[in-house]
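Novice: Taken in order, these protein sequences are the chains called A and B. Under this note's numbering, the residues of the first sequence are numbered 1 to 243, in order. Under this note's numbering, the residues of the second sequence are numbered 1 to 330, in order.
If you are wondering where the hints come from, they were derived from the structure by calculation, not from laboratory data. Just so you know, not all the hints are guaranteed correct.
Example chain A residues on the side facing chain B (calculated, C-beta under 7 Å, incomplete) [claimed, not checked]: (1) L49; (2) R73; (3) P79; (4) G81; (5) G83; (6) S87; (7) P99; (8) I100.
Keep in mind it's a predicted model, so treat the numbers as computed, not measured. Beta carbons are placed, not taken as given, at the ideal position from N, Cα and C, and that holds for glycine.
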Amino acid sequence: MIDCRAATKSYATQPVLRGIDLVVEPGICALLGANGAGKSTLLRLLSGLEEPDSGSVFIGGLGYWDHAIKIRRNLGVLPEGLGLFESLTVIENLMAIGPIYGLTKRETEARTTNLLGLLDLTQGRHTVGRDCSFGMRKKTALAMALLHKPKVLLLDEPFEGIDPASSAVIETLLCQLSNNGTAILLTSHILSVVQKIATRVVILHQGRIESDFNPPTTDEGVEEVYFSIVGRPQPEVPDWLRS
Amino acid sequence: MLKELGSLSSVRFNNFLFCILFLMSGGDLKVAFWSTLLFQLVLLAPLLVTFSIDTQHRLPPERVATWPLTGTRRLLLSSVSFALNPLFIVLFFGYLFWMGLAAGLFFVLLALIVHTTVYAVSRLSFKLRMPASLSISRTPLKVGGIAQEMWRGLQGTLDFWAALLIAVTGTLYRLFGRAPEPEAFPILSLFVGIAMSTIAQRMLRLDEGRALLRYRLLPIAGWKLLVTLDMTFLIPLAVMVSLLNLRTGVAFGLIAIAVGRYPSLRQRANQRRWRFVGGDPRFGVAQVLLGGLAGIGAARAGLWVLAVAFALYVVSIFWGELLWKRSLSP
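One chain only, chain B, in its complex shape (with noise of 0.2 Å):
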């Protein structure tokens, strides 16, 4: 249990949940659980499904078929194991004296649903898997597979899915919403860049850095390769921030790109699946700031601010190419 806590302990040092505890620190904390309550679920979700991926489908298929458990219990432990993860359960007791009893319930309701919907489709007989024949290798592109590897990468992380839901409940709101307020489009833009900017600090190692060492063998300059992990992670960040503003949203992710260019090649710190990405506080912090600066100063004074991100991106290319050399250095 000590293990599995340690693998989510990531999330202290994740950009977004460093943003939210920021918006609570404000006031009173009963106040502060309302207002924040929209981020608090788009954090929760992704998390209570890492909880919800049950005991058995962690250990190989043919050692549970080894166990001594009739088809009850084994329902029975399906059932109830997301409620051991110790996280779970650290996250109920906060909500507990957080909130009260009520709170915690709530808790428990949410982490049922998304439970019995992670069960009921891990059960459907059919995959939701790309055809052989429309996978991006099989593009032109000479480096489609590092996209495509980058791209599989970003969808193991679950800042990528809290990113969507804000983006998708954004969207939802400008397209639906009762008179939507147009200042709220770059913030939401804002929310959908700092949830995605903590990939940015580990964008080589998303695979526990197992793809770094295939990088370092194959003849291809680093910038090139820098660019291309670059737009396949600023891709979909401009589709999600399309319909809300599309200018902070990608000012916001080249600035993240450019500060999180050091730790992403320097610093050896792998990155499991299905857990928030954890950075450097230090990176996240000027990321926050200077993202925040550039996405805002983009909605408000116009495209040359996006210009001037958009050169210091460039600028971070050229340092990554030389950080790239030198990481051959031990």
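Just chain A, same shape as in the assembly (with noise of 0.2 Å):
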């Protein structure tokens, strides 16, 4: 469903993504990697917000030059920005999109009031975009890639700033989505979450693919693989924090 194959990318001289191939079939693939790994950089690419300096990119088979308008109807995207309608509340929100995916009138309303109420936005659902808290905006943005059931979800970060409870629910809505075939691509930095829903680890490092297995095949933990790559951190606390 997600296919990239040798994408590069680089700003200015600075090489971000260095040959990336990549598949992934329904299911949820976690993408781990530090602060400046090239995660978010890679969604950009596959979501078709940037393109990549060489290499394709192909969702659902088709490129996104001759095809976005296909692609993005069966895709659902949280970005890094979340991409809120800043003026308009969160019920509007949602109901602004719908009919652009085709959904009627009656359907974004069911499916809104639905959204709503699993990720407990109901109280909150006629607060301007602006107004709304950090976790209440990712939140919004999350429903916004749902609302058309996509068959490929690429999510950044879906578990940063958002309360334990509504977190628990995305966890069951994820799975339930990826035994339902859709194919989703999420980042995070919550190896606890990933250790329990993904079907598959990526680990990328410095712009590289430096591990790609499936949790429950190994017997080490996500944790473990990780820091294994990475590196683990050996913090010295300075004398003044330490007193």
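Make the complex out of the two chains shown on their own, each in a separate frame, by following the hints.
Specialist: Have a look at this one:
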């Protein structure tokens, strides 16, 4: 469903992605890596927000240049910048995009009500985007990614900044979607959640894929593999913080 | 304070301000003050509203609640906060040295009137908001939500309110003035268009560029998105000039959008709310000159000039579609 072939990307002279080959089929694939490893950049390439310097990206066998609209109809994205309509309320954000994805007004309303309830947004549904807390903004953006029931989901840090109850709901939702054949690629720094829900883990280090494994088949947990690649930190706490 | 001044500096590249300065530059500065007084008031009124949105409103209420201030002190802070704005101080001294103490004091009086009005309105118990059931996104239009976001973004610019002030003043002059001069209506229409025109250069970034990310993720063709945004700009402009000179206003608007197409799609200049829109001076001059020619032409030569303006607008849509596709490139 997601097919990334030899993708490279640099900003100025700094290479961020160095030849990424990645095929993601239905299931939950977690993309891990330290800050600056290239996770968000890879997600931007896969969402069609940027073009790779070389290599190619296909979603459902289609390329962005010729089939951007077709791809986007079946693609749900939670981008790093969230992409809310800041002047609209939470409910208006969802109602605004439903018809563009081909949903009827009635379908949009029904799905919006469901998602607001699931993500605990019902109470704040009339809050304008710019006045929402970070968690509310992220949950709204996630609801916008799920509204049209996409076949491919690209989620940039969906669990960060979210309360534990909503986090548990999101875990259940994603597992259900992946069981129904949705290909999900998500980035996260919360290894315990990744260990729980991911069917595959890809670790990105300095712009390259360093490890690609299925957590249930390895003896080691995700955390051990992660730290064996990026190195376990040995912090020396300065004296002024100790005393 | 420097940050605040920086945020207001966008007004330097605003088409409307450029035109007022151009009108002033012709002759004696004292004479220029009186000949452009109406436009100065139109420019100052929305600007003074932003000065009045006092310090307390810009900070989270929970933080303000922790400040060790008595009720009297809070009221005092609210009462003088508009005068703490650096641009207010610059303008006060500008008027003082330009026209003397009387003009300086008149400026302070105007600021006080605006401030008192804003203070009173902000403390009204009711909210002047459209009920959710009447919101545009509930219309059968697929792109209604995008239009709604653009419409609210438009209302968040001071340019919109300046244009509305000119339009209302002009319309009142036409309806109730003693023997209104017919030649004045196309000119007033042009000024409404000029006041709105800088917005056309920042159409996709009125909310500091945040909606742009969502636009790129939606399954919508670039041209459809552009037409939606353009119509949300053009329809209010047409309503404003409808009782002045519709042909002039629409012709100017079409050209302003066509010329503003490139900067709106390619320049990464995000617009802050409650500020005058800051544009690119090169495109601003082109908008005013070409739009002015089209506007006057439409008023004098007839509908064919409007047709030419529309043709240029259509060309800009196709060009915009190409730019939209290329905008994926870094």
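Novice: Hint by hint, say whether it matches the structure.
Specialist: Hints versus structure:
1. Because the beta carbon of A/L49 sits about 6 Å from the nearest beta carbon in chain B, less than 7 Å, this interface hint is met.
2. Interface hint at A/R73: satisfied, since its Cβ lies 4 Å from the closest Cβ of chain B, which is below the 7 Å cut-off.
3. The criterion of a C-beta within 7 Å of any C-beta in chain B is met by A/P79, whose closest approach is roughly 6 Å, and the hint holds.
4. Here the hint on A/G81 is kept, as its CB sits about 5 Å from the closest CB of chain B, short of 7 Å.
5. Hint status for A/G83 relative to chain B: holds, with the closest Cβ pair at about 4 Å, below 7 Å.
6. For A/S87, the suggested interface contact is upheld, since its CB lies about 4 Å from the closest CB of chain B, less than 7 Å.
7. A distance limit of 7 Å between C-beta atoms decides the matter here; for A/P99 the minimum to chain B is near 4 Å, and the interface restraint holds.
8. The interface hint given for A/I100 holds, since its Cβ lies 5 Å from the closest Cβ of chain B, which is under the 7 Å cut-off.
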